[in-house]
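From first to last, the protein sequence lines stand for chains A and B. Quick note: the first sequence uses our numbering, first residue 66, plus one each step. Quick note: the second sequence uses our numbering, first residue 26, plus one each step.
Hint data in this document are derived by calculation from the structure and do not stem from the laboratory. Where a beta carbon is used, it is the ideal one built from N, C-alpha and C, also for glycine. Treat the hints with care, since some could be wrong.
What the hints assert, rightly or not - DSS-like cross-link-like pairs, simulated, lysine-lysine; straight-line CA separation at most 25 Å:
1) A:Lys171 to A:Lys249
2) B:Lys288 to A:Lys161
3) B:Lys288 to B:Lys210
4) A:Lys172 to B:Lys210
Said to hold, decoys possible - One side of the interface only, derived from the structure: several residues of chain B facing chain A at Cβ under 7 Å:
5) Lys193
6) Val197
7) Arg199
8) Tyr201
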Amino acid sequence: MSRMIVEVNHVDKTFHSDWGRVEALRDIAFGCSKSEFISILGPSGCGKTTLLRIIAGLEDPDSGEVIFQGKVIRGPGLERAVVFQEPRLFPWLSVKENISFGLSGKKSKNEIDKIVEETLDLVGLTAFLKAYPYELSGGMAQRVAIARAFAFEPEALLLDEPFSALDAQTRLRLQEELLDIWRKTEKTIILVTHDIEEAIILSQRIFIMSPSPGTVKEILDVPLPYPRDRESPEFIRLRKYIFDRILIKT
Amino acid sequence: MPVNNKTGEFANYREVRNNGSLLEAVLKGITFPLLLIVFWELSARAGLVNALFLPAPSKIYLTLLDMLQDGLLEKHLFASMVRLTYGFFITVVIAVPLGILVGKARNFRFWVNPTLSFLQQIPPIAWIPIFMLWLGIEEASKIAVIVYAAFFPVFLNTVQGVTSVDPKLIEVGRAYMLTPLQMIKKVYIPSASMSIFVGLRLGLSNCWRALVGAELLAASTGIGYLIIEGRQLLQPDKIFVAVLTIGVAGLFIDICLKRLENKLMPWKKVYQSGEKR
Ligand SMILES: Nc1ncnc2c1ncn2[C@@H]1O[C@H](COP(=O)(O)OP(=O)(O)OP(=O)(O)O)[C@@H](O)[C@H]1O
Ligand SMILES: [Mg+2]
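Whole structure, please, built from the sequences with the hints as guidance.
Okay, here's the thing in structure tokens:
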């Protein structure tokens with residue numbers, strides 16, 4: 066188990082509201098090794114975001130724990146960067162300032178400039194360095210949010226449906242970029258998604274979740290070599306298999 | 026919503042800007058005063074009003090020129106402005122940090138809010154005699170009144186701004202490991218800045234009112250004093266010059282702040298119309 070960078074040990078989480086309680090996560094347990102790319106796949110409301118937030122340290126589990134690089138997670142950390150489901154940019158900061166948001170005080174000005182330039186190039190928004198968030202489209206804003214996470218240079222990237230607001234072409238391009246970056250930097254990536262194809266194209270393992278209570282129903286290896294072909298018979302077979310698994314209510 | 030009884034005025038201003046050119050807005054805005062002045066002048070010329078009570082606009086204008094010529098108006102206006110600057114500066118230095126603190130430490134509000142709500146009910150002018158007793162009749166008591174007058178709008182709007190920071194943005198700050206101080210600087214203050222600015226504008230106009238009030242009661246310089254002098258010397262034209270100066274200076278100050286606001290917060294327009302990201 067020591068090769069594991071993330072270990073999720075029997076995590077439970079229940080939300081209580083005025084109108085009742087929601088068991089968002091029940092007995093979630095898995096590990097993720099260093100430099101691995103995993104997807105958490107499941108229908109809306111099955112607890113994907115909650116799980117990611119617990120790994121990010123933004124939420125505490127009711128019981129169980131998450132261990133990152135051998136240490137129990139007690140809060141957010143420099144080694145983990147989150148891309149939220151919404152862009153969450155700061156309206157009063159330019160694109161550049163938004164991206165360098167987590168860096169000031171930790172890096173020199175020159176380093177920051179270089180990182181901002183690189184990450185903006187990565188998401189294809191170099192021309193918008195000085196723009197403010199209100200001047201960006203929704204998809205562009207999300208790309209800036211992705212750039213912000215990359216700029217942070219974490220060990221692990223926690224992505225919460227980062228591409229779901231994008232148009233098909235941009236999504237494909239960014240998926241490719243993400244793969245590229247992952248293979249270059251060998252970062253650990255945990256991607257939350259409800260897009261089956263996205264999960265198969267990108268990840269080495271897929272965690273299929275089912276709702277109420279949120280549990281990991283199945284862990285699936287994706288043994289296909291990169292870059293993956295959406296037309297290949299294995300791909301199509303896998304897609305059909307997962308599709309059926311998600312539909313079955315057990 | 027910021028604690029603000031000026032939003033109505035704000036909204037109108039934006040509306041006008043949207044419906045036509047600035048020139049058109051100015052023309053529309055100036056029509057009524059112009060008509061009034063013409064009417065007033067005509068009735069004065071026709072001898073319909075007693076010049077001792079209501080001097081003609083032309084007379085007031087001549088007095089204004091006179092007072093500008095011998096530097097009287099400048100001198101008193103300057104005296105008022107100096108007080109205003111001191112008072113406002115002190116207010117900002119006290120009220121903004123305090124507002125941030127109270128806004129952030131949510132429990133603190135329960136301790137101070139009742140007291141503040143009570144104090145807020147008392148018009149600044151009512152304190153002038155006491156302040157004079159404590160601080161003497163010199164500058165200190167006037168500045169104290171100004172600080173008192175501006176404190177509440179600035180403080181309350183700062184608190185409001187800080188408490189209504191989008192929790193999702195605070196979370197981004199948390200996820201990206203900001204220190205508490207960075208959090209205040211990079212998330213709370215910018216986010217609250219619009220509300221703070223509303224408070225500053227409101228506070229400044231409160232300052233101006235309170236200052237003139239204080240000068241009316243006890244001063245040997247300042248615009249308020251000019252009014253008293255005009256009354257004592259039975260020079261209503263002088264009074265009118267002073268009163269109009271108060272209005273114009275107030276407007277001028279407000280416009281300057283508005284300009285500053287737009288300059289400091291270029292993203293404001295869109296953010297204000299509710300499009301948050
Ligand atoms: N802060 C909260 N308070 C109360 N209930 C919550 C809270 N956050 C999430 N929940 C509940 O927990 C369940 C899981 O929510 P979560 O956001 O993790 O779903 P998700 O899998 O990310 O869904 P989606 O794909 O729509 O984003 C939902 O039923 C939701 O109502
Ligand atoms: Mg979610």
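Outcome of the hint check:
no.: 1; hint: A:Lys171 to A:Lys249; in the structure: 23 Å, holds
no.: 2; hint: B:Lys288 to A:Lys161; in the structure: 19 Å, holds
no.: 3; hint: B:Lys288 to B:Lys210; in the structure: 19 Å, holds
no.: 4; hint: A:Lys172 to B:Lys210; in the structure: 18 Å, holds
no.: 5; hint: Lys193; in the structure: 5 Å, holds
no.: 6; hint: Val197; in the structure: 5 Å, holds
no.: 7; hint: Arg199; in the structure: 5 Å, holds
no.: 8; hint: Tyr201; in the structure: 3 Å, holds
In summary, the structure agrees with every hint in the numbered list given earlier.
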